[in-house]
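Chains A and S, in that order, are what the protein sequence lines are.
Okay, so the first sequence: first residue is 2 according to the numbering used here, each after it adds one.
Okay, so the second sequence: first residue is 493 according to the numbering used here, each after it adds one.
Because the hints were derived from the structure by calculation, they are not lab data.
No residue lacks a Cβ here, since even glycine has one placed at the ideal position from N, Cα and C.
Do not take every clue at face value.
[To be verified] Subject to a maximum C-alpha distance of 35 Å in a straight line, what follows is the list of computed DSBU-like cross-link-like pairs (lysine-lysine):
(1) S/531 - S/596
(2) S/534 - S/596
(3) S/600 - S/531
(4) S/596 - A/66
(5) A/66 - A/77
(6) S/534 - S/600
(7) S/596 - S/537
(8) A/66 - S/537
(9) A/66 - A/44
(10) S/600 - A/77
(11) A/77 - S/534
(12) S/537 - S/600
(13) S/600 - A/66
(14) A/44 - S/531
(15) A/44 - S/537
(16) S/596 - A/77
(17) A/77 - A/44
(18) S/531 - A/77
(19) S/596 - A/44
[Unchecked claim] Take a look, some chain S residues computed to stay more than 12 Å from chain A by CB distance:
(20) 520
(21) 540
(22) 548
(23) 560
(24) 599
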Amino acid sequence: EVQLVESGGGLVQPGGSLRLSCAASGFTFSSYAMHWVRQAPGKGLEYVSAISSNGGSTYYANSVKGRFTISRDNSKNTLYLQMGSLRAEDMAVYYCARDLGYSSSWYNYFDYWGQGTLVTVSS
Amino acid sequence: DIQMTQSPSSVSASVGDRVTITCRASQGISSWLAWYQQKPGKAPKLLIYAASSLQSGVPSRFSGSGSGTDFTLTISSLQPEDFATYYCQQANSFPLITFGPGTKVDIK
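Just chain A, with the same shape it has in the complex:
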């Protein structure tokens, strides 16, 4: 069974940093591109970032570019999102999601999602 479990969310002050993790199991993690998508409380979905299956390519939404860094450790089956210079508008539930494509194929559709981890940005 495919499972994605996020962790690392919490309360952080504006301007602060936080690292989110997403532990994957039930599939060959190193064969799939992975994504982060967020959802502000009571709001819709917003795309954040993506990383290729081998970690060699990374992509970001304009709203987080230069402040967030996506990475992965395929030996640990774990995806990361390092968030810096956090703002009030970054407050959201952050979901990791698996790309529908396999190996070098990117579909940019998300077939499995974690349960999400809440990031609260407040002083």
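Take the given structure of chain A and dock chain S to it, following the hints.
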């Protein structure tokens, strides 16, 4: 960025009803469109990708159509477990992926 709009923003329907949700892109996206279902407190679930391909395990009462700028999600016979919010998502302009604002389907 490509803007996605959905209509209606909410719909009240009864079990057994046919429900249609429309998604429109601000520019052509070919068939690079997906539909997701989200229930309160839960992660989204992929229903349809590539505008009309049914994701594995999704009931056949869900169907998608369209290309270019106009797309439709249809639930042919609404079931109790289908009351949720539905989002469209364009994947044409990666990494500038965008979602629609959502359509809430609730009980009439």
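To see whether the hints hold, each was checked on the structure:
{"no.": "1", "hint": "S/531 - S/596", "in the structure": "10 Å, holds"}
{"no.": "2", "hint": "S/534 - S/596", "in the structure": "14 Å, holds"}
{"no.": "3", "hint": "S/600 - S/531", "in the structure": "17 Å, holds"}
{"no.": "4", "hint": "S/596 - A/66", "in the structure": "31 Å, holds"}
{"no.": "5", "hint": "A/66 - A/77", "in the structure": "26 Å, holds"}
{"no.": "6", "hint": "S/534 - S/600", "in the structure": "22 Å, holds"}
{"no.": "7", "hint": "S/596 - S/537", "in the structure": "15 Å, holds"}
{"no.": "8", "hint": "A/66 - S/537", "in the structure": "27 Å, holds"}
{"no.": "9", "hint": "A/66 - A/44", "in the structure": "21 Å, holds"}
{"no.": "10", "hint": "S/600 - A/77", "in the structure": "48 Å, violated"}
{"no.": "11", "hint": "A/77 - S/534", "in the structure": "26 Å, holds"}
{"no.": "12", "hint": "S/537 - S/600", "in the structure": "23 Å, holds"}
{"no.": "13", "hint": "S/600 - A/66", "in the structure": "43 Å, violated"}
{"no.": "14", "hint": "A/44 - S/531", "in the structure": "13 Å, holds"}
{"no.": "15", "hint": "A/44 - S/537", "in the structure": "17 Å, holds"}
{"no.": "16", "hint": "S/596 - A/77", "in the structure": "38 Å, violated"}
{"no.": "17", "hint": "A/77 - A/44", "in the structure": "32 Å, holds"}
{"no.": "18", "hint": "S/531 - A/77", "in the structure": "31 Å, holds"}
{"no.": "19", "hint": "S/596 - A/44", "in the structure": "12 Å, holds"}
{"no.": "20", "hint": "520", "in the structure": "16 Å, holds"}
{"no.": "21", "hint": "540", "in the structure": "9 Å, violated"}
{"no.": "22", "hint": "548", "in the structure": "8 Å, violated"}
{"no.": "23", "hint": "560", "in the structure": "18 Å, holds"}
{"no.": "24", "hint": "599", "in the structure": "20 Å, holds"}
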